[in-house]
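Participant: Now for the letters of each chain:
Protein chains: 2
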Amino acid sequence: MVGVEAQDREAVRALLAAVRAEGRDALTAPEGRTVADAYGIAVPGEALARDVDEAVAHAARLGGRSVLKIVSPDILHKTDAGGVVVGVEGAAEVRAAFHRIIENARAHAPAARIDGVQVQQLLPPGQEVIVGAVTDPTFGKVVAFGLGGVLVEVLKDVTFRLAPVSADEAISMLDSIGAAEILRGVRGAPAVDRWALAEQIRRVSQLVTDFPEIAEVDLNPVIATPEGAVAADIRILLTTEVAKPRRTYSREEILHSMRRLMQPRSVAVIGASNERGKIGNSVMRNLVDGGFPGEIHPVNPRADDIQGRKAYKSVTDVPGEVDVAVFAIPARFVASALEEVGRKGIPNAVLIPSGFAETGEQALQDEIVAIAERHGVRLLGPNIYGYYSTWQDLCATFCTPYDVKGPVALTSQSGGIGMAILGFARSTRTGVSAIVGLGNKSDIDEDDLLTWFAEDPNTQCIAMHLEDLKDGRAFVEAARATVPKKPIVVLKAGRTSAGAKAAGSHTGALAGDDAVYDDILCQAGVIRAPGLNEMLEYARALPVLPAPRGDNVVIITGAGGSGVLLSDAIVDNGLRLMEIPADLDAAFKAFIPPFGAAGNPIDITGGEPPATYEATIRLGMEDPRIHALVLGYWHTIVTPPMVFAELTARVVEEFRARGVEKPVVASLAGDIEVEEACAYLFERGVVAYPYTTEKPVAVLGAKYRWARAAGLLT
Amino acid sequence: MVGVEAQDREAVRALLAAVRAEGRDALTAPEGRTVADAYGIAVPGEALARDVDEAVAHAARLGGRSVLKIVSPDILHKTDAGGVVVGVEGAAEVRAAFHRIIENARAHAPAARIDGVQVQQLLPPGQEVIVGAVTDPTFGKVVAFGLGGVLVEVLKDVTFRLAPVSADEAISMLDSIGAAEILRGVRGAPAVDRWALAEQIRRVSQLVTDFPEIAEVDLNPVIATPEGAVAADIRILLTTEVAKPRRTYSREEILHSMRRLMQPRSVAVIGASNERGKIGNSVMRNLVDGGFPGEIHPVNPRADDIQGRKAYKSVTDVPGEVDVAVFAIPARFVASALEEVGRKGIPNAVLIPSGFAETGEQALQDEIVAIAERHGVRLLGPNIYGYYSTWQDLCATFCTPYDVKGPVALTSQSGGIGMAILGFARSTRTGVSAIVGLGNKSDIDEDDLLTWFAEDPNTQCIAMHLEDLKDGRAFVEAARATVPKKPIVVLKAGRTSAGAKAAGSHTGALAGDDAVYDDILCQAGVIRAPGLNEMLEYARALPVLPAPRGDNVVIITGAGGSGVLLSDAIVDNGLRLMEIPADLDAAFKAFIPPFGAAGNPIDITGGEPPATYEATIRLGMEDPRIHALVLGYWHTIVTPPMVFAELTARVVEEFRARGVEKPVVASLAGDIEVEEACAYLFERGVVAYPYTTEKPVAVLGAKYRWARAAGLLT
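Top line first, the protein sequences correspond to chains A and B.
Every letter in the first sequence is one number past the one before it in full-length UniProt numbering, and letter 97, counting from 1, is 97.
Every letter in the second sequence is one number past the one before it in full-length UniProt numbering, and letter 309, counting from 1, is 309.
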């Protein structure tokens, strides 16, 4: 809490109500100042002059040089209207400026109501920054910070956080922009007062949190100096749009229904069929062929027996408790079947059919959501391929069963991406705990799944493809609770589609959807994958690697050329090449030819025997100052690929048995035998790729990003 | 030519000589001004004041407000020394400023020689930019342009070109910075005089071209306004370092020796051996087993017969003309054998052995280079795996033969990367015309190879891994001559290693090695690959795709989710989604379900039969307004992967037969059958990848970059 007095808050409430009563959605400068004063947002001394004599008197009282600005509820862009004069001093200059401003305003907008001219203290020169807040459709109130001026508006060097922010979060924003260095003082310029600046951010964030009806706030510019941070201008815009409250469930409710979804004992298939090619046939076969050990109950009013199991006319006829009802019937029949599911008290409905919101049938979707809410049924979908819960041998999809059990849970909003997940997993033999289609997300969405996967002992890594979030704040909350336990990889599609969003303020224009997503996902500790393939590779590789315990990465390579490329990748992925201490350098040198290079990368040179790889990798694992190894292998006759793979896996396993675990990744440059060697290494805990120096380091970088977000590294 | 009078040039020459004679390497401000005047570089009116009265007189004569600056050969950073006062007007202010500057300078550097104080016209407010020139170790004289001020120094938004630049090149620099928009005027600010600014760049580039002894020039800032561009400050630094002239060959000489290297009729193997495991044994076997139809002559003083062929004591004993001598002997024996190669008149020596500059034996390398130059022998290597010329069935390496003949020539500086090239090519069945190891590049380097590959009818695409360029200008020249004919892909390693380079000027500090490489390679029309895997994928895919004839890219997808990701990739890769005209939109709509989306991406929706894919792809090929297709396939039972692959390949082939060629790339989302479908498509001219939406579009982006550089698109 910012420490705003209740009476100040009430004064703001009254002021905003008055503005709304007048049918305005923009506050005037004096109104903005009143709000700023109430919230302790520092602004320059100023006063409203209704005539030229008042202007002269105010200027004299404020002292020094002044800025004069038009005050009109009808003129938003004061500069464009010729309504601003900067740096006047003395009665004559003030008089002239006053008259010029009024004339310009009349010329610009003859019908504009003019309340007068604001006389403001001219702020000392300093670094211009912008502090603002907007209402994001996904995340709600969001604060923004960036360097001010035309340059930054063009370069879009801005950062965002969920409002309200703490003092520490506000300070972190100062370091999150590209030009952060400038605030610390460059080329002899002094550093600005960082805490004063952070305080402006914090207070703005509190203001928009307290008043949801404030759509946007702009402090632009804030003049930051070594002595403080003062907002030269404040703009506040109101909105009548109020976000519809979303039905929420408690954590216990979510875990209870998700457990029955992901670990069911009894599944009903509504629309089960004996006819090959029908979805209800595929789902039944996949449940049976996948080896699901629980009860499987086909429901079909026109059959007595489906795939050798007794069929029921209605789900209400199924005996005993049912955990999941999988729908494989056309959209138009879903509502009535869902009523029966509700009456039966089944907690989960998996809606495979399409033909809802995605085809424009929003009303049909709203209808089923209403039915589900009435009965307390959670909905997965509609418009999905279904879901896999591999440790339960549960394949409730119309695709094909997948049986490599493992630690990765994957979800996708799109069916096509879901199929790509399945194909990739099968091709790379990725161990999977679950694959879940989310489709239209009429109810269950990413935050429900995160809440479950965070608790699921079979899941060690979560990867999610998403195009939007129904409730960004719920997602962030679930992600923050999950990340300390396991990494979350997100592929956010539609990064670039947002394009120009109509916005009434600078901050609004800067808050392209993706900029906000990017900053806030990062703050939530999520690893954002740049593309589909990266999401899949991170998901496959992250659980294989142990968490690093420190920042010191060492490259050991048999090919100098790989060493250079691996070093590039280290920097690209935000990692740090360890500066090797003299004793360690000497220890490595003892193993490598005299013309090899210790330092980092450690270039053992090509043509070395297995013993050289082994001795140097062993030393890398042994020395506690080293926290992660990146290996560059060069295919030679002296050390063939499988020999390298075997010795590397053996050394890593030996240390693991002794309790020493470090992430080890490898880039294998060589003929096609390196592919087999990579598969061998991957299965044994070393993330290895052929023909690329980038992928292994990108995966290591993702692991480090998670370790930092999880608080495992200082 | 800038049109500098001969007498002005001579005046500059004399001035620079005088500065050198005094043992200085930095020009004073008045000296800088003299140079600027000679080269027509616009600077403000100014004069040197030796005492305070002169200062007052100069200020009065120049009129308006003035800037006063210390003039001392010993004070480089005037601001840091408190040696600059801005905006003084009237005798009293000038007097005070003069005294303050002298006091500050004395305090800052008591021993500094002080020539006086420069009184300069205060320039009108405008956009600050920086124009400069540096001497790059690879590219020689290079001009730089960026927005001025602390902000840009921090954000490093600068662009570089080889000096001298033409007026058009200079103008292109204004558009090559991230903040280019600012110069065109944003938020009501007027645009600057672009041609005046370009003229400043052009003149600086001419100055450093005329005087190689000028190491660096800084015009910082240049004040750009709608009326002109004037340099507020000019700094010039001299150097004594003169680049050693490199031995050069004419184009005809290069083509002649390269033809004999790449299409030899007779090859001698020096150090050929019967002993398995020896390099001389592998090379002999690979030549023989690879099926090389020319003569193969083993040379070994201790054998009469090697692998069934007559062996010679010395290469001088080999009968007839020999085109290539492959060295497979230890480094210490190379020099004497090379003498014999020279005496025999063999034009090419391929030096596989290591143990030269890369292990610190620079003297040994210098010795063999001297021998080679004396005899006119061109050297490939040393320290390489050898080379492949597949259309000649020539495998002169110690690796394994590679027999998929095709259009791609690949080169690598590193042996490890060479092995990765071989493995990748074999794994993906990439058709290859040559693979060449360059190693230490003691002689033959990338520009020789480019000159050859540009002419080689078997080569349609060239991909090069490099860590440095021996002669950046020769490379650029060869690249510019090649690009109109075929694409060049470059993987430049060591992007990030350059780090902090000692530099005496702003421009120098901005010219991190990689920034210069990046801009200049781009200007040369080269496609820079961000990593090893991308280089390999571009090399494999570029020759498969026809060149696009225009910018209109259309996405046709069966999975909406892929459509979103493909759209992201389109923007990321600098491509443009076509705005679909109404008639074309209607034509697409006729083929897709009512809830599908035309527009672009064209979402045909999941679950559609082959006919829908075929009709829409056919329309995409047919309509001449569409220039490239990106396909998103979603694996369903209705349209299985191979059905999609077959119909797509068939339609593309049908149009090709009718003379309609457009690049078509595809992203296949599905179960593992999509891998086979991708291979099928790739072989038939459609670049297709499974489990990724990024790669196909990245390849299309690379093809577009080439098409633009080759002048095929306006």
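In case anyone wonders, no lab produced these hints; they're calculated from the structure.
Incorrect hints may have been included.
[Said to hold, decoys possible] Here are the computed distance ranges between Cβ atoms for each label pair:
#: 1; chain 1: B; residue 1: P610; chain 2: A; residue 2: D289; range: 26 to 32 Å
#: 2; chain 1: B; residue 1: V643; chain 2: A; residue 2: K470; range: 23 to 29 Å
#: 3; chain 1: B; residue 1: P624; chain 2: A; residue 2: K244; range: 46 to 52 Å
#: 4; chain 1: B; residue 1: E661; chain 2: A; residue 2: Q263; range: 38 to 44 Å
[Unchecked claim] To give an idea of the chain B side of the interface with chain A (calculated C-beta under 8 Å), a few residues:
#: 5; residue: L15
#: 6; residue: A18
#: 7; residue: G360
#: 8; residue: A370
#: 9; residue: G416
[Said to hold, decoys possible] One-sided excerpt, in silico: chain B residues whose CB lies under 10 Å from chain A:
#: 10; residue: Y249
#: 11; residue: Q413
#: 12; residue: G415
#: 13; residue: A420
#: 14; residue: L491
#: 15; residue: T605
#: 16; residue: S667
#: 17; residue: L712
#: 18; residue: L713
Yeah, the Cβ is synthetic: ideal placement off N, Cα and C, and Gly gets one too.
Participant: Each hint: holds or not?
Facilitator: Outcome of the hint check:
Distance hint check: the CB atoms of B:P610 and A:D289 are about 27 Å apart, consistent with the given range 26 to 32 Å. Checked against the given bound of 23 to 29 Å, the beta carbons of B:V643 and A:K470, roughly 36 Å apart, lie outside it. Between B:P624 and A:K244 the beta carbons are some 48 Å apart, a value that agrees with the proposed interval 46 to 52 Å. In this structure the supplied range 38 to 44 Å is violated for B:E661 paired with A:Q263, their Cβ-Cβ distance being about 55 Å.
Hint status for B:L15: violated, given a least beta-carbon distance of 29 Å to chain A, over 8 Å. A least Cβ separation of about 31 Å between B:A18 and chain A goes past the 8 Å threshold, and the interface hint is therefore violated. The beta carbon of B:G360 comes within 6 Å of a beta carbon in chain A, closer than 8 Å, and the hint placing it at the interface holds. Hint on B:A370 is violated. Least Cβ distance to chain A is approximately 22 Å, over the 8 Å limit.
A distance limit of 8 Å between C-beta atoms decides the matter here; for B:G416 the minimum to chain A is near 2 Å, and the interface restraint holds. Taking 10 Å as the C-beta contact cut-off toward chain A, the hint placing B:Y249 at the interface is violated, the least distance being around 27 Å. Interface restraint check: B:Q413 against chain A, minimum CB-CB distance 6 Å, threshold 10 Å, status holds. At its closest, the beta carbon of B:G415 sits 6 Å from a beta carbon of chain A; the interface hint therefore holds under the 10 Å criterion.
Restraint check, B:A420 versus chain A: the minimum CB separation of about 4 Å is within 10 Å; hint holds. With a least beta-carbon distance of about 8 Å to chain A, the hint placing B:L491 at the interface is held under the 10 Å criterion. The interface hint given for B:T605 holds, since its Cβ lies 8 Å from the closest Cβ of chain A, which is under the 10 Å cut-off. Checking B:S667 against chain A by beta carbon gives a least distance of about 8 Å; that is within 10 Å, so the hint holds.
A hinted interface residue such as B:L712 counts as satisfied when its beta carbon comes closer than 10 Å to some beta carbon of chain A; here the least separation is about 26 Å, so the hint is violated. Violation of the interface hint for B:L713 is found here, the shortest Cβ-Cβ separation to chain A being roughly 22 Å, above the 10 Å cut-off.
The earlier numbered hints that this structure contradicts are 2, 4, 5, 6, 8, 10, 17, 18.
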